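Trainee: One letter stands for each residue in the lines below.
Protein chains: 2
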Amino acid sequence: MKRILILALSLLIAQIAPAQQALSFRAPVVSPEINADHTVTFRYRNPKAVSVKISGDFLPDRTVADMVEGKDGVWTYTTEPLEGELYLYNFIVDGERRNDPSNMYMNRDIATWTSFFTMSTKQGDKGWYYETHDVPHGTLSKVWYRSNTLGADRRLTVYTPAGYEKGKDKYPVLYLLHGSGGDEDAWADLGRTVQILDNLIAEGKAKPMIVVMPNGVYYNNAAPGYAVNMFQPTMRNSRSDSTVEIEQSFPDIISFIESTYRVAKGPKNRAIAGLSMGGRQSCSVSRSHPGTFGYIGMFSGVVLAETPEAEAALARQMAPKVAPSLYWIGVGSADGVKVNSLKLKEYCEKKGYPVEYYESDGGHIWRNWRVYLTIFAQKIFK
Amino acid sequence: MKRILILALSLLIAQIAPAQQALSFRAPVVSPEINADHTVTFRYRNPKAVSVKISGDFLPDRTVADMVEGKDGVWTYTTEPLEGELYLYNFIVDGERRNDPSNMYMNRDIATWTSFFTMSTKQGDKGWYYETHDVPHGTLSKVWYRSNTLGADRRLTVYTPAGYEKGKDKYPVLYLLHGSGGDEDAWADLGRTVQILDNLIAEGKAKPMIVVMPNGVYYNNAAPGYAVNMFQPTMRNSRSDSTVEIEQSFPDIISFIESTYRVAKGPKNRAIAGLSMGGRQSCSVSRSHPGTFGYIGMFSGVVLAETPEAEAALARQMAPKVAPSLYWIGVGSADGVKVNSLKLKEYCEKKGYPVEYYESDGGHIWRNWRVYLTIFAQKIFK
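Residue numbers (the numbering used here), protein chains in the order written: chain A, 184 to 565; chain B, 184 to 565.
Fair warning: there could be bad hints in the mix.
Pairs involving identical chains hold if they fit within one copy or between any two copies, as the list cannot separate such chains.
Listed next, the in silico DSSO-like pairs over lysine-lysine satisfying Cα-Cα at most 27 Å (straight line) [stated by the list, open to error]:
(1) 448 with 351
(2) 526 with 254
(3) 390 with 351
(4) 309 with 533
(5) 528 with 254
(6) 349 with 451
(7) 349 with 565
(8) 448 with 349
(9) 526 with 305
(10) 521 with 534
Calculated directly from the structure, the hints in this document are not laboratory data. Bear in mind the structure is a predicted one, so any value in this text is a computation, not a measurement.
Just chain A, with the same shape it has in the complex (with noise of 0.2 Å):
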């Protein structure tokens, strides 16, 4: 058996040449190692490197910290104790920046990869909600609709909770916009909904829903790989505010969702929330349609405006003409688009709709958008 065991491995590793790293005859190097205590280390085999760095969001500050050289060119890094997290990193060799070889897990955020892991400290922590456990799992899908009004095929991608295929219920439907960049894979990878909504619902924490992911780039059908050509996502480009189409297009998307799928009609079964320009949308698209959406999340969101006064109207202008049961804003204290989530906090506290400020430490990234969907899930349908 074993013999031909090896024959049959000689075989691919001749056969399967691009592929080596996962066939190499190296020792392998474990990187990233989570410890008991909950430090963790990193290793990179590389004999030839002059000089290896890691950058990682766990690091104070996101500086930059030297990784040190072993026996055999190994490179090691250990970090403090971490909290339970989902957290990205890279290393940066010789001055250039490259994934680590020996963890497979990487995460894409518009065009860039990023090595990750995430780990827990206990039940319940951040990075608990962010990993797969032993509880009933939705199922994830990847749909295309029809939109009549950009005249085009569009891809967005459906979470059903678990027994949704074998039940009679109706669900209500959580909208979840990305941002600007990003695309219908973006909020089920980066923003591990699957996990969390799995793990709110099998706590009670959260009522079982539908949680609808369109791709809110107007002009993009589908994520790469899935659009008719080979595109780089990118947000260097000046149509990357896609907010008046999907505003005017968004009809489709329900539409879609409530004649194909077992959907509770009505505002109270009805949430929209997006991150960044997809925040933006949330309060456009929830505004343009009111009486639609009982709850509104707006994460982050970016307002674009030539001047101070003109960005204030704007802000005012997303919001409801109708109030809805929550008004809900996330934002971090160091994002420098933070003036407009006080603003629009300030206009709904005026016209007295019920509305929910939270803010959070950091800026303009994922790990807060996770946090924010992690309690927004949480007060709606409620």
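Guided by the hints, dock chain B onto chain A, whose structure is given.
Mentor: Chain B alone, transformed into the frame defined by chain A:
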């Protein structure tokens, strides 16, 4: 507007520390670039590198080619004119393998990420089937089912053809199995199942069908990132052959699918196929559930046995007890496991089963398995 846009981008750049690549201010390097004459140019900027090579499956005999350094430290390589195909490649920088940092398209095979691109030279060439075109698109879902046999909730991938959601038709089902070390993501990602089926169905060359891609490794419930820990998949373990367990638990999958989706039943509406270990499983499952599958595909099927005699006996055991409508065997001429395919073909011929044998160039590689799927999908349910 421009002022605020620059401000907003600056804020984002300052805050998205690990995602520097996409937002770098260096002039972007375009790589790969598919030229009008079907040659492809690769570019890689690294002024400090002493030697940069490219390894790719478009090179003759899969050798490695030197890249040439130009101004600005950008290394380039241009291929001969290429046929339509999905190509894999990586750079070798001073002896270290790395992916193309300018190309965000990567796919994962077991634990290895590799840069790729697709190209087609005309409608209907091989590469054309692997690309997304403006045709009706099916849905791709990641679904969990209960396997009572294995005592676990397990994840599988389901492709439902365009029109499934709104229609009432019942569809035949192809069960499609991955190889050792793979998972339920492999066929959709590396195998381009969605694109192949969308395109074949749109052309009328394949019947609209459901494709079910289970996780065929019995001790893994789900692909990396959706299992309960962050495991690194590997072929290097003694439990890599899950044939017996998958054979025994397969009725759990069929009964889940047939009770959850609008499925046409009976052997004329069930096909099973798989690659490598999955080829062995497709044979084994169809044999131990006689009369269940009308169409059986073995793609580069691997049979592990200690002696040539035992190997031959195993190959015979894989043959069905009940004649299927079609036994389709595909294998590469340079594949070390070709002997099993030939023996199985011989056995089927002796029994008088309808058998087709297809031999392609090359070895035990995804490039072949995509071709086999493209052919097999056109032959079933007709």
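Trainee: State the violated hints by number, sorted upward, taking the hints as numbered earlier in the document.
Mentor: Hints 2, 4, 5, 9 contradicted; others consistent.
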